[in-house]
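Spelled out, the chains give:
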Amino acid sequence: MKIEDVVCPFCGCLCDDLVVQVEGNRVVNVENGCTLANEKFMGDHRLETPIRRSGKKWERISYDEAIAETAGILLDADRPLLYGWSGTYGEAQTIGVHLAEVLGAVIDNTSTVCHGPSIMAIQEVGHPGCTLGQIKNRADVVIYWAANPIEAHPRHMSRYTTFADGFFVKNAFRERKVIVVDVRETDSSQIADEFVKVNPGGDYAILSALRAIVRGKRDIIPPNVEGVSREQLFRVAEICMAAKFGAIFFGVGLTMASGKYKNIRNAIELTEELNRHTKFTISPMRGHWNVYGSNEVFTWITGYPYAVDFARGIAFYNPGETTSVDILRRGECDACLVVASDPGAHFPRACAEHLARIPTIQIDPHVNATTHLSQIQIPVAVTGIDAEGTAYRMDGVPLRTRKLFQGSHPDDLEVLEKIYAIVREAKG
Amino acid sequence: MRVILKTRPREKPRIPIEAEEIIPQNFLRKNDMKVFEGNKERTLEDLFFVTIEGPAVSPDQVEVVLTGNTGMIKRVGEYMNAGRIIIEGDIGMHCGNFMSAGEIIIRGNADAWLGREMRGGRILCEGNASHYCAAGYRGEKRGMRGGIMEVKGNAGDFTAEYLSGGDVIIHGNCGDLPGVEMRGGTLVIGGECARPCGNMTGGTCMVFGKAQRVLPTFRSNGSQDMDYAGKRYRMNLFRGDVANRGKGTLMIRA
Ligand code: SF4
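These protein sequences, in sequence, are chains C and Z. What the first sequence shows, in this note's numbering, is residues 4 to 431, in sequence order. What the second sequence shows, in this note's numbering, is residues 1107 to 1360, in sequence order.
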C-alpha cells in the first residue's frame, strides 16, 4: 500500500511530502525522504516486550507489571525527574506534564541540550520570526549561522531556501544569496556565496560588531574581529542591508558555544537592527522532530517551555538549576523517567553515571545507550510510523503525523495514561 | 538572640532543601517554620538541630548561624530585611535573594544566584561564588539594585548580569561575560575575566586583572589612575557598549 503526504518524524523540518510504501507492518520504500528519513522508516529494530534488570541480566516482564513498578518508583521518589519528550507527540507530552505536577517532579525536555538558550534569549528580547513558507517565498538573503543543514536537516535547503523557488523568488539558486558563518568549513559552507570563518567562541563579538556597523559605527571596528576581517564584516552587513527580505537560521553551534543565550540575544538584536533598514527574521534550526512541540505543550500548561520544577506544587523554572543536566550532575534526583529520548548518548558522563545509580525507567521503542543505564524499559509504538499525533515543525506550525499501520505495541499516550492513573489514585 | 541551626544527617543528602523561611525576622514570632526537602514538606526541626540563645525584640537583634552540611540549602535569607545570617560552611543557590537590609556572611563557597536581585544590605562570601552572582532572575530586566556584594574568592560566569545599582566587588577572577547587560551600579573585578560588560548601557566596571577577549564595540576614552586594595593602578577607559547605544564605563588595567 502506498501512502502519500506522510510526515517525517525525524528532524525539525517535519517534511510532509513523503510517499511511503507499506507491506503488512513494515515500511518497504520511502520516496522524497532524505537518507535520515529512509533510515528512520526502514531501519526500525524494535524492542519486543518490556524488560527489567535482574542482576546482570534482563528479564521480560508484562506491560502491566512494568507500568505498576514504574508508578511505584516515581511515587517513592523525593525528587523525580521526567526527561525527554521531544520524540513523542503533543498528546503524550500533555500527560507527562500532568504526571509531573501530581508527583511534584521536575519535567524537562531535550531543549536543555539544544535550543534552550534560544528560548531564554527570546524571553529577554522577543522573537522576530516567521514561518518557513514566508522564507521560501520571499527571502533573497539567507544566513546559516553555526548550522550545517546539509548534514543535520538535509532537505531544509531544497524545501525552503537555497534550492526552493518561491513566489517572489522565481529562480532561487540565482536570486538568493547564502551566507554561512561557522568555525569550520562544512558541506553547507561550500555552497555559500559568502563563508565567514569565526574563531571558536567568537560569535558574540562578531554579532556585536555587525550591530555596530549596521548602526553606522564603522569607525570603531578593529581590522580583525575573532578571525574575520573588517572588510568581510562590512561586506556581510551591506548584503544584509541591501536584502529585500533576509532570514537568519542558527544552530546549536551558537546556542552551545560560550556565551550561550547571550549569543542568541545578540543575534536577535542584530535582526532588530537590520529591521530598521529592511525586513529580517531569525529562526532556530530545531533538531528533534517535535522538540518545538514539547516547548509548546509545556508552556501552555505551566507557563514555561522546559526545565519546570513542580517540587513545591507550583511551576518554577530556572535553567541552570532546574535543567536535567544540572540536576543529574549535582546528583539531586532519586528516580528518573526517560521518555522518547536518549540521554545516555547525549548527556555528560557524570549525568549518565547518576542515571545508572538511581532507578531509571525508559519508555522508548528501541534499545539505545540509555537502556544500559536503566532498570526498566517499556517499548512503545513509533509516532509517525505506527502511532499518530500532533507535532510542531521548527517554525511552530503544528502538523498531524500519521499512523501507517497497526503495530503490536501500545503508544506513549496509552502507557503514560496508565502510569498517571496509578499515581493519581495513590495521591488521592 | 542567637539561633543556631545545625543540619541533621539525611538519608539522601544530595536532595536540595528550600528554606526561604530562614531569615532573622521569622525567629521572632514563628514557631512552625516549614522547609522543603525535594517535594516533601518538613518542619525546621526535621532537618536541623535548633538552639536558641537569648532574647530579641526586633529582627536586627537576631543572628542566625547555620552549620553542618549546608551546601544543598537554597534560598536562605530570601527577602531578609534585618539582622544577620552567618553560614559556617558552603551555601546553596539563591542565598540572599531580594534581600533589602541586614547582613549575610558565608565562610565557605556560595552556589549560583547569590544575592539575586538584592535591593540593599550586605553579603560577604569568603570563598568562591558560582555563576550569576548578584544577577537577576531569568527574563528579569534588572538584577541587583542596591547594597554591597563582596566575594573574596572567584565568581562564575554572568556575574552581575543586569546590574542596576549597588556595588559588586569580586576580589578574585570572574568567568565569562561579567556585567553583561549592566545598566547601573559598580562592578569591581580584582582578578581576570573574559568579555566584560557585553551589551552594557550604564554603570561602571573596573577590571584590575587581565581582561580576555574584550569586545570590539567599546570606544577608547583615555586613561586615569585608580586605587584598589591599597595600590594605585593606571586604567584604560572605554565607553560602550556601542552595539547597544550604551553609555557605560569600562576600565581595564593598562
Ligand atoms: S529533512 Fe528532516 S524531516 Fe525532512 S525528510 Fe529529512 S530527516 Fe525527515
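If you are wondering where the hints come from, they were derived from the structure by calculation, not from laboratory data. One thing to keep in mind: the hints can contain errors.
Claimed, not checked - If you only want the chain Z side, here are some residues facing chain C, beta carbon under 8 Å, derived:
| # | residue |
| --- | --- |
| 1 | M1107 |
| 2 | I1110 |
| 3 | R1120 |
| 4 | R1244 |
| 5 | G1245 |
| 6 | I1275 |
All C-beta atoms in this analysis are idealised placements derived from N, C-alpha and C, irrespective of residue type, glycine included.
Using the nearest Cβ pair, does Z/I1110 come within less than 8 Å of chain C? violated, 26 Å
For the hint on Z/R1244, does the least C-beta distance to chain C fall short of 8 Å? OK, holds: Z/R1244 within 8 Å of chain C, min 6 Å.
Supplied contact hint for Z/M1107, tested at 8 Å Cβ to chain C: violated, 29 Å
With chain C as the partner, please determine if Z/R1120 meets the hint condition of a C-beta pair closer than 8 Å. Holds, because the Cβ-Cβ distance from Z/R1120 to chain C comes to roughly 4 Å (cut-off 8 Å).
Restraint outcome when Z/I1275 is required to lie within 8 Å of chain C by C-beta distance: violated, 23 Å
Hint check: 8 Å Cβ-Cβ cutoff, Z/G1245 to chain C: holds, 4 Å
In this structure, the hints that do not hold are numbers 1, 2, 6, in rising order.
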